[in-house]
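Trainee: Chains as they are written, first to last, in this note's numbering: chain W, 1 to 295; chain A, 1001 to 1295; chain L, 2001 to 2295; chain Y, 3001 to 3295; chain B, 4001 to 4295; chain Z, 5001 to 5295.
Please keep in mind that the hints were generated in silico from the structure rather than gathered at the bench. Honestly, I wouldn't trust all of these hints.
Stated by the list, open to error - For lysine-lysine, the following DSSO-like pairs were computed, each having C-alpha atoms within a straight-line distance of at most 30 Å:
(1) L/Lys2057 <-> B/Lys4278
(2) B/Lys4278 <-> L/Lys2128
(3) Y/Lys3119 <-> B/Lys4278
(4) W/Lys128 <-> Y/Lys3119
(5) Z/Lys5278 <-> Y/Lys3278
(6) B/Lys4128 <-> A/Lys1278
(7) W/Lys278 <-> Z/Lys5207
(8) B/Lys4207 <-> A/Lys1278
Said to hold, decoys possible - To give a feel for the contact side, a few chain L residues facing chain W, derived at Cβ under 10 Å:
(9) Gln2147
(10) Ala2154
(11) Ile2159
(12) His2225
(13) Ala2229
(14) Gly2237
(15) Val2240
(16) Leu2256
(17) Gly2257
(18) Leu2260
(19) Ala2271
(20) Gly2273
(21) Gln2274
(22) Trp2276
(23) Ala2286
Unchecked claim - Okay, the calculated beta carbon distance ranges per label pair:
(24) Y/Glu3235 <-> L/Gly2214: 18 to 28 Å
(25) B/Thr4115 <-> Y/Met3013: 47 to 57 Å
(26) B/Glu4210 <-> A/Met1013: 52 to 62 Å
(27) Y/Met3013 <-> W/Ala113: 51 to 61 Å
(28) Z/Asp5187 <-> Y/Lys3278: 49 to 59 Å
(29) L/Gln2274 <-> A/Lys1207: 25 to 35 Å
(30) Z/Asp5187 <-> B/Lys4119: 58 to 68 Å
(31) Y/Glu3235 <-> W/Ala113: 45 to 55 Å
(32) B/Glu4210 <-> Y/Arg3120: 14 to 24 Å
(33) L/Ile2212 <-> W/Ala113: 31 to 41 Å
(34) B/Thr4105 <-> Z/Lys5207: 34 to 44 Å
(35) L/Gly2214 <-> Z/Lys5207: 17 to 27 Å
(36) Z/Ser5211 <-> L/Phe2048: 54 to 64 Å
Each residue gets a CB set at the ideal place from its N, CA and C atoms; glycine is no exception.
There are 6 protein chains.
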Amino acid sequence: MSRRNGDDFVKLMLGDRTGTVEAVAWEGVDECFDCSKPGGIVFVEGRFSVHARYGPKITIEAIRAAEEGEFAEGDLVESSPIPADLLETDLRDLLATIRNAQLATLLDRFFGAETDSWKRFRVAPAAKFYHQAYAHGLLEHALSVAQAVSAAAAAFPGIDRDLAVTGALLHDLGKTQAYNDDPLAIDLTDAGRLLGEIPIGYYLVRKEIESIDGFDPELAQAVLHIILAHHGTHEMGSPVVPATREATLVHMMDNLGGRLGSFDRIERELAEGQSWSKFDRGLDSAAYFPARRAA
Amino acid sequence: MSRRNGDDFVKLMLGDRTGTVEAVAWEGVDECFDCSKPGGIVFVEGRFSVHARYGPKITIEAIRAAEEGEFAEGDLVESSPIPADLLETDLRDLLATIRNAQLATLLDRFFGAETDSWKRFRVAPAAKFYHQAYAHGLLEHALSVAQAVSAAAAAFPGIDRDLAVTGALLHDLGKTQAYNDDPLAIDLTDAGRLLGEIPIGYYLVRKEIESIDGFDPELAQAVLHIILAHHGTHEMGSPVVPATREATLVHMMDNLGGRLGSFDRIERELAEGQSWSKFDRGLDSAAYFPARRAA
Amino acid sequence: MSRRNGDDFVKLMLGDRTGTVEAVAWEGVDECFDCSKPGGIVFVEGRFSVHARYGPKITIEAIRAAEEGEFAEGDLVESSPIPADLLETDLRDLLATIRNAQLATLLDRFFGAETDSWKRFRVAPAAKFYHQAYAHGLLEHALSVAQAVSAAAAAFPGIDRDLAVTGALLHDLGKTQAYNDDPLAIDLTDAGRLLGEIPIGYYLVRKEIESIDGFDPELAQAVLHIILAHHGTHEMGSPVVPATREATLVHMMDNLGGRLGSFDRIERELAEGQSWSKFDRGLDSAAYFPARRAA
Amino acid sequence: MSRRNGDDFVKLMLGDRTGTVEAVAWEGVDECFDCSKPGGIVFVEGRFSVHARYGPKITIEAIRAAEEGEFAEGDLVESSPIPADLLETDLRDLLATIRNAQLATLLDRFFGAETDSWKRFRVAPAAKFYHQAYAHGLLEHALSVAQAVSAAAAAFPGIDRDLAVTGALLHDLGKTQAYNDDPLAIDLTDAGRLLGEIPIGYYLVRKEIESIDGFDPELAQAVLHIILAHHGTHEMGSPVVPATREATLVHMMDNLGGRLGSFDRIERELAEGQSWSKFDRGLDSAAYFPARRAA
Amino acid sequence: MSRRNGDDFVKLMLGDRTGTVEAVAWEGVDECFDCSKPGGIVFVEGRFSVHARYGPKITIEAIRAAEEGEFAEGDLVESSPIPADLLETDLRDLLATIRNAQLATLLDRFFGAETDSWKRFRVAPAAKFYHQAYAHGLLEHALSVAQAVSAAAAAFPGIDRDLAVTGALLHDLGKTQAYNDDPLAIDLTDAGRLLGEIPIGYYLVRKEIESIDGFDPELAQAVLHIILAHHGTHEMGSPVVPATREATLVHMMDNLGGRLGSFDRIERELAEGQSWSKFDRGLDSAAYFPARRAA
Amino acid sequence: MSRRNGDDFVKLMLGDRTGTVEAVAWEGVDECFDCSKPGGIVFVEGRFSVHARYGPKITIEAIRAAEEGEFAEGDLVESSPIPADLLETDLRDLLATIRNAQLATLLDRFFGAETDSWKRFRVAPAAKFYHQAYAHGLLEHALSVAQAVSAAAAAFPGIDRDLAVTGALLHDLGKTQAYNDDPLAIDLTDAGRLLGEIPIGYYLVRKEIESIDGFDPELAQAVLHIILAHHGTHEMGSPVVPATREATLVHMMDNLGGRLGSFDRIERELAEGQSWSKFDRGLDSAAYFPARRAA
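Here chain W stands alone, though its shape is the one from the complex (with noise of 0.2 Å):
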């Protein structure tokens, strides 16, 4: 990412896969300018500093665009700690465990694995910042979420466990048309800014359940009122508050994901021998780590 208005440095956003850094070019900004663009990837020589308040800086010596071949993407992109396969494979056990016959079409629908849904959401990220904000993320997300769900059923009575997975399973989808699909340059689009996430959401399964001959009206309602009230209160963007026993364990579900999702984050990007954080927004405290001390 690059901007430049004057003739005499330019600025930079530099970033691999370990985060980004903002840099600086005093001398050959010509070139510097030409290589630059949003999502271009570039080799750079230089300093690296640390400013107290403003955080590090690369100050640019040289700088050239990177030819096909010589970085590899898993370099420059985060993605999930946990292999895409096997997330995968984690997905498809527990998709075998659902019984109920039109749910089982309904995820098939979204999850087959030759349909196109798949191969977007198997990509997507789950966010642009907060937690699991790299490829696979939401696959990542959802999974954990409707695995929560699924071993929290067993734990308290009255739950359709089989509605509550698949709102697990589904309950992000919008996401997929939400956010673009450049992993270097995570952003929501203008359908997701214009529309919402749950909106978008909402629609993609409405509309597939409809073109399921005999779907049960009152399970698609149940099944819609998750992916609707999953943020749990207006306030946090859902038109409707969970009114049901599984719309309340996945809305709680995937908040707690969320919230681990963030320490998982915070603890990557925290300073060796640091045990707090800076206060996080998403988590309203900062974030301690008592282990990171001790070891």
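With the hints as your guide, set chains A, L, Y, B and Z onto chain W.
Mentor: Just chains A, L, Y, B and Z now, kept in the frame of chain W:
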């Protein structure tokens, strides 16, 4: 409406277009119970009294079910103070001003004189309680909001007037399915409660748009954004917040129409000679009608 | 419970394990007044009626105090739907899985079969109204939360499972002193109101920890943090906000357990054939039970 | 505007009608310091660059104070995009439609062509930042709100149109004293900060009304209520909440005018080719301008 | 107070200085209706009973209007527990300590023994419900707040004590016009509702200040700021927030005085032997009076 | 404090009792890095400049570690403007006025001249940022709050003065453990973050009370309630809300003391000739100091 669980008296809620009143029968309880069911129509004789704190009550002395032909529906249920035909004429006039062909086509799908959609829209209420909670109320509300949007679009720069008017006419379309069609007992449907009026309307419009060949996707998003954002904030149940001038305009005029509709309702219910109402939650204030005292 | 200030009638609240009902005596007022005191046990004859707005009422025709042996406590007060012995067995099974010796010691101080603490914990209610507001309710609640914590700890990375389960079992310990021990009239104690259940529990556990030789101070803070943070936010009465994965997990599972417990309570109170409850403040929604209508 | 505390460089904020930019001088610091004071007018030579995070900057190479006659005020400060004379004509047209003699008299006290009040009102800004933050901005804002009020008064029943238009024209009168009269450095006055624009305006109007013989006290309260309530809620700084149709209408149209004014401001500041702005606090959203991308 | 709409019974609210009670007449309805009007004074015979949920009630057996001379106003309405003469003496003592001549002059305009302002101030209530809702309540409240302000001004540095005491004495002046002067039926006036007590008081003081020759404008703003800011936040109805030490001090002492006044009111209404009140909205808590149980 | 991650420059935060400033070294980086560590004491030579947006900065030209004896701690860290001995004398005077023997005993446990508790309390800060964030700040704050409580207890009826003063002196006791004891780098401890200052103080006082034979349990609860409730609301971190006059009084005076302390801090930091500060989050306003402009 009635409930009965003992053998010594029966409590009922009686209502006609002017309001509702609680009633109690101490004698003839069996007859009373037989002829009372939710939405049933009865003739009652009795004494009327008003309790300072609990309000008015009728002590039933005689009750019998009404026969077909003994009553006019117009006596039983309130409807818009403006005749439905007049509302329809004004709507057709407004529709005729839409020059954007795609939007005109879309509107015709919902308001075309012979469509099922129009038949339902024409009689639907706008709410259960707050404003325009009566037959034709939705039409009255949508029309006045759209007229005000059209007028204001001339007063402020940069507004796509046809887009804004289209959004205003369609903004509450979901209410046609979120409310039942029993004018004697307006209530939310299961879909209204589980999915919400906004997602229902968004689904109906999006599905219709996708059935129109060549509908501009950016225009589609702009219309759908108005519907999804028209409550103005997450807190009020919109999954997205207005991001365009047109969505801002429709939201504000809908809000204004709702508040002024509350003044209308409150004024109808106010006792003679009173200029101050009780505190009203919708207004977050008591309402003041100075003209009433002067008269 | 009764109050009486005149000479012409007496109003009482009568209750058994199925609920409470208002009652009124117009005759035999003196006898009625004599045998009614808060928590008193009586036999009543009379007529039962239901008022549309104010609910059910009994008109008392005869009333007398019950003698010892004429009633079973189980008829009068609700208790956990799961037998207390079964709850205890499950608790002992869960306790046996704690491998951290210090935590096991701490838990034994509170749940050891012969301790006073356990005797009180075993019968205490979990609340006055919302969920598990009955004998053994605290045990049922703490156990289900701890089981769900244990299950979820396997689904998410980085959690100290023994610490989280310990925190889950102890999180509501303060309720043993914040609520009185009268199963017929659950209420907050003065300490419960003036100090709060969280500070009481924190004090009990901290004092116990300080009496255990060599208890790791960092582990102690981690346990106490779970207790203090388990309401999740300042707004909900926690003096600190969850800053660790374990405190986050216990908070969320406690929250989930409370909400699902509300569904259980609401479903028990719902009239036959109804699938929607009234608006519930705890859920911030009406609750929906689709299975009930199907049945 | 400048601040200087060392002997090695000087930082300034430079601005003209198109915006502001930070500037730094590393040489000629003394000259630079001498000719820079808040609101001072200078000629600058230097290099312009843009920092990715901190935005644009000018490195000053030469600076000197401008002489009288070297600059036109219109180049330095933004003003309403509509010529002031046209705004005044429209205002006079609107004033001529007020039939209520008392209200017409009151308006003439403030908007009479020869009054001091009008001279100040005509040039005052409507805000420091958000919308119409430029010369003639107050007039532009009050006029458009009053026009929209007048138009909407025809669309909804029960509104005293003359009263509402009067309230709309006077609602922000307090800003004439709450903001200073330096178009180069719009800021709140001490009175604006200590008393607030609403109480200032209320005082001015009430005092004027009390100087008009025979002004109807009920009408006076109705006008003053519109002014005091026009922010709509306590949270937004109104000491009372709208309790009349007219106060509701003026509040909503003021709100609408302010929001649409924010769209205007945001659009002016948006870089070419961009259709989404940054998040805007006034709108609680980013703003979207689809037409810009299409163009 | 009475309302009557039928021919079979009448409900009234009866009250004396110890409180109010609902009453019902089943016989002699016409006589009852004739002699009951808001603020009317009657003698009643009847039976008193208490309902567990709806509270106490009197069944009227006989009622007649009281004649002049049959009653003492002191029996009918509550007034300050401190004699008005003593309050006035303390006020005069406090006024004598003001050394700033301009502030002394200003205070004399409102509290001068012969002024109309003082006559109204001396008897006015401080509220309709919460605290000091009785004759002389405003004087009692203003005096105690001013005394506490004077005391605290000595404990903290940097406070202009005369300014703060002046602000404290005048802070609620608007209540003299915001409440009616009927001690039997304290209520807000139209001005109180439409303009608010703060803008009314601010107007009265500002107009008075402007009539004093040579009053320092900065001192004037400081006094007016205290009045306008004394509710402390926008949410509580202040159009500006305290920006000076004196405004902060008056706001906090007013708040303290109001809360302690609520304790006084709650304690008076508490049944004997009770140490806990019901939940009180003003305190956001139940109130606890340990001494009562001990006694 | 310093951080360094490159080989070309070092950024430091330097501070003395008058404030802190950022510093940067472009040469002699190794020497600079060697002598800088958090809390280290150095001599620095360099140039000072002020950036309009980012504030002041020192460009380091020479730096060396200070030797013992080269500096006075009083030059490095701010402390209370009132000498500690004077604060202690005032505290002892106030303690001498407590007549309740149990409360006097309790206070002696914490403030007895020879106790460890007193030694820590005497030097502890009251905060990291907002008010009294310096050595002896806790003593200064607790003393002024207790003095104000004592004074106000005379002005309002029904207050147990000894109880309130005791609560005021002990209310912030937890800060002695919630903050570290490094006057050069005041920060929260792990206990302060994980447990919170209120639960820490409550624990210390409750444990001490339980070690005093025969301490009245009701009095104990009353003291502990003051400590637990002194932040006033759940939102501000109190697990319980003030339910007694004494808790209300201490909360309000603590709040007042904190706000006035913020005025003191802001005034110290204000540039000469300025009468308005920047917006302050603690006050939710800018602060105004009219005397400064007059002078």
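Trainee: Each hint: holds or not?
Mentor: Hint-by-hint comparison with the structure:
The hinted pair formed by L/Lys2057 and B/Lys4278 meets the criterion: a straight-line CA distance of about 24 Å does not exceed 30 Å. Distance check on the hinted pair: B/Lys4278 and L/Lys2128 sit about 16 Å apart at the alpha-carbon level, within 30 Å; holds. Straight-line distance between C-alpha atoms of Y/Lys3119 and B/Lys4278 comes to about 59 Å, which puts the hinted pair past the 30 Å bound. Taken as a hint, the W/Lys128 and Y/Lys3119 pair is broken in the structure, with Cα atoms around 52 Å apart against an allowance of 30 Å.
At roughly 25 Å between alpha-carbon atoms, Z/Lys5278 and Y/Lys3278 fall within 30 Å of each other, so this suggested pair holds. Distance check on the hinted pair: B/Lys4128 and A/Lys1278 sit about 16 Å apart at the alpha-carbon level, within 30 Å; holds. Proposed proximity of W/Lys278 and Z/Lys5207 is contradicted: the alpha carbons are some 33 Å apart, above 30 Å. Pair hint B/Lys4207 plus A/Lys1278 does not hold up; C-alpha atoms about 33 Å apart against a cutoff of 30 Å.
At a threshold of 10 Å, the smallest CB-CB gap from L/Gln2147 to chain W is about 5 Å, leaving the interface hint in force. Hint status for L/Ala2154 relative to chain W: holds, with the closest Cβ pair at about 8 Å, below 10 Å. Taking 10 Å as the C-beta cut-off, the interface hint given for L/Ile2159 holds, the closest approach to chain W being about 8 Å. At a threshold of 10 Å, the smallest CB-CB gap from L/His2225 to chain W is about 8 Å, leaving the interface hint in force.
With 10 Å as the threshold, the beta carbon of L/Ala2229 comes within range of chain W, its nearest partner Cβ sitting at about 9 Å, so the hint holds. For L/Gly2237, the shortest C-beta to C-beta distance to chain W is roughly 15 Å, which exceeds 10 Å, and the interface hint is violated. Annotation: interface hint on L/Val2240 holds; nearest CB of chain W at approximately 8 Å, less than 10 Å. Here the hint on L/Leu2256 is kept, as its CB sits about 4 Å from the closest CB of chain W, short of 10 Å.
The beta carbon of L/Gly2257 comes within 7 Å of a beta carbon in chain W, closer than 10 Å, and the hint placing it at the interface holds. The interface hint given for L/Leu2260 holds, since its Cβ lies 5 Å from the closest Cβ of chain W, which is under the 10 Å cut-off. Residue-level restraint check for L/Ala2271 is violated (minimum Cβ-Cβ distance to chain W is 18 Å; threshold 10 Å). The criterion of a C-beta within 10 Å of any C-beta in chain W is not met by L/Gly2273, whose closest approach is roughly 16 Å, and the hint is violated.
Annotation: L/Gln2274 was flagged as interfacial toward chain W, and the flag is violated, the nearest CB pair being 14 Å apart, outside 10 Å. Below 10 Å, beta-carbon pairs count as interface contacts, and L/Trp2276 has one with chain W at about 8 Å; its hint therefore holds. With 10 Å as the threshold, the beta carbon of L/Ala2286 comes within range of chain W, its nearest partner Cβ sitting at about 6 Å, so the hint holds. Between Y/Glu3235 and L/Gly2214 the Cβ separation comes to about 54 Å, which falls outside the hinted range of 18 to 28 Å.
For the pair B/Thr4115 and Y/Met3013, the beta carbons lie near 53 Å from each other, so the given range of 47 to 57 Å is met. Between B/Glu4210 and A/Met1013 the CB atoms are about 59 Å apart, so this pair conforms to the stated range of 52 to 62 Å. Taken as a hint, the range 51 to 61 Å holds for the pair Y/Met3013 and W/Ala113, whose Cβ atoms sit roughly 60 Å apart. Between Z/Asp5187 and Y/Lys3278 the beta carbons are some 34 Å apart, a value that contradicts the proposed interval 49 to 59 Å.
L/Gln2274 and A/Lys1207 have their C-beta atoms about 32 Å apart, which keeps the hinted 25 to 35 Å range intact. About 59 Å separates the C-beta atoms of Z/Asp5187 and B/Lys4119, a value consistent with the hinted range of 58 to 68 Å. Remark: the range hint 45 to 55 Å for Y/Glu3235 to W/Ala113 is upheld by a beta-carbon distance near 53 Å. Taking 14 to 24 Å as the suggested C-beta distance range, the pair B/Glu4210 and Y/Arg3120 conforms, at roughly 19 Å.
For L/Ile2212 and W/Ala113, the hinted distance range of 31 to 41 Å is not satisfied, since their beta carbons lie about 55 Å from each other. At roughly 58 Å, the beta-carbon separation of B/Thr4105 and Z/Lys5207 lies outside the given 34 to 44 Å, and the hint is violated. As the Cβ distance of L/Gly2214 to Z/Lys5207 is approximately 20 Å, the hint placing it in 17 to 27 Å holds. Roughly 57 Å separates the CB atoms of Z/Ser5211 and L/Phe2048, a value that falls within the hinted 54 to 64 Å.
When each numbered hint is compared with the structure, violations occur for hints 3, 4, 7, 8, 14, 19, 20, 21, 24, 28, 33, 34.
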